[in-house]
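Chemist: Take the given structure of chain A and dock chain B to it, following the hints.
In case you want the letters, here they are:
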Amino acid sequence: DGGITQSPKYLFRKEGQNVTLSCEQNLNHDAMYWYRQDPGQGLRLIYYSQIVNDFQKGDIAEGYSVSREKKESFPLTVTSAQKNPTAFYLCASMPTDHSNQPQHFGDGTRLSIL
Amino acid sequence: GEDVEQSLFLSVREGDSSVINCTYTDSSSTYLYWYKQEPGAGLQLLTYIFSNMDMKQDQRLTVLLNKKDKHLSLRIADTQTGDSAIYFCAESLYNFNKFYFGSGTKLNVKP
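Listed in order, the protein sequences are those of chains A and B. Going by this note's numbering, the first residue of the first sequence is number 1, and it counts up by one from there. Going by this note's numbering, the first residue of the second sequence is number 1, and it counts up by one from there.
Same shape as in the complex, but just chain B:
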């Protein structure tokens, strides 16, 4: 299967910016997604980017895509304690019908 990798943990202070990184291996990715998972819940879509874009901004969220390096990042500005969760990146390939998920990054926001 495809390989999507993320670091497991990130700890930041409230009000700082958080940057969560993701690398993937398949250059035929079409869309890349960021999901948020709160404890005991399913995955909630945060944002996504088409593979021919470099950047997408949505309120406090900024997604950067470096297609050459197959590197995706999610920046959360002014991180709040309510942002504490696990964040998953995912890629969908040319056939759109299968997703590949990273292992998730647990974000801990300290007051």
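This is chain A alone, in the form it adopts within the complex:
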């Protein structure tokens, strides 16, 4: 079955530490996205990539970094510069063929501070 896999489901970060969240898709989608979700708030876009080896900052990119070396993979690194990283992180993908395809989502990673 095609889908988006995020791992791990739960992640803990110590002060000053970088952590990397994994997102893999086998839907053959060109575009991939990272969102942050805080309680009572909608999804805020961190980074997105429309093609391999290219990505753009979203609305809240500070303290985060990404790479897109393969079409299937779009890992997100939460750096020590992100002072309030505790949140639920969602990865999504979609094709870029200007059809009516919606974004498909993974099941999320919950990041907490130790």
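Everything labelled a hint here was simulated from the structure, so no lab data went into it. Since the structure is predicted, the reported quantities are computational estimates derived from the model, not experimental observations. Note that the Cβ used here is the ideal one computed from N, Cα and C, for glycine as well. It is possible that part of the hints are untrue.
Only pairs whose alpha carbons sit at most 35 Å apart, straight line, appear in this in silico DSBU-like list of lysine-lysine [unchecked claim]: (1) B:Lys36 <-> A:Lys70; (2) B:Lys36 <-> A:Lys71; (3) A:Lys71 <-> B:Lys98; (4) A:Lys57 <-> A:Lys71; (5) A:Lys57 <-> B:Lys68; (6) A:Lys9 <-> B:Lys110; (7) B:Lys106 <-> A:Lys14; (8) A:Lys9 <-> B:Lys68; (9) A:Lys14 <-> A:Lys70; (10) B:Lys70 <-> B:Lys106.
Residues on chain A that point at chain B, a partial pick, calculated with CB under 10 Å [as the list claims (entries may be wrong)]: (11) Gln37; (12) Gly40; (13) Leu43; (14) Tyr48; (15) Gln50; (16) Ala81; (17) Pro85; (18) Phe88; (19) Met94; (20) Pro102; (21) Asp107.
Modeler: Just chain B, lined up with the frame of chain A:
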């Protein structure tokens, strides 16, 4: 960025209809979507409507779009306890590749 707004909470009794409302600001929206999120999970697409349509029905779900007022609603008929979740509306703009999400409406269905 674009502004998509929803009320935060809605409480209904099992068997009643639920109506979740959403307003958006950008008139160049092409598609509007409704997603459902259960606790600790990702977003699941429920339905979507193209911006030149007024209404779309899909089993218990009815989507109404008032493009003049930039108002979108989702009606769930015969609401069940399994419908308890957070519902997000989202719009995609002319370039299709960015979505803008509302803050989500938490639907609580009482038995």
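Chemist: Would you mind marking each hint as holding or not holding in the structure?
Modeler: Status of each hint after checking the structure:
no., hint, in the structure
1, B:Lys36 <-> A:Lys70, "holds, 29 Å"
2, B:Lys36 <-> A:Lys71, "holds, 27 Å"
3, A:Lys71 <-> B:Lys98, "holds, 18 Å"
4, A:Lys57 <-> A:Lys71, "holds, 18 Å"
5, A:Lys57 <-> B:Lys68, "holds, 32 Å"
6, A:Lys9 <-> B:Lys110, "holds, 30 Å"
7, B:Lys106 <-> A:Lys14, "holds, 32 Å"
8, A:Lys9 <-> B:Lys68, "violated, 42 Å"
9, A:Lys14 <-> A:Lys70, "holds, 29 Å"
10, B:Lys70 <-> B:Lys106, "holds, 21 Å"
11, Gln37, "holds, 9 Å"
12, Gly40, "holds, 7 Å"
13, Leu43, "holds, 4 Å"
14, Tyr48, "holds, 7 Å"
15, Gln50, "holds, 6 Å"
16, Ala81, "violated, 22 Å"
17, Pro85, "violated, 18 Å"
18, Phe88, "holds, 8 Å"
19, Met94, "holds, 8 Å"
20, Pro102, "holds, 5 Å"
21, Asp107, "holds, 5 Å"
In summary, the numbered hints that this structure violates are 8, 16 and 17.
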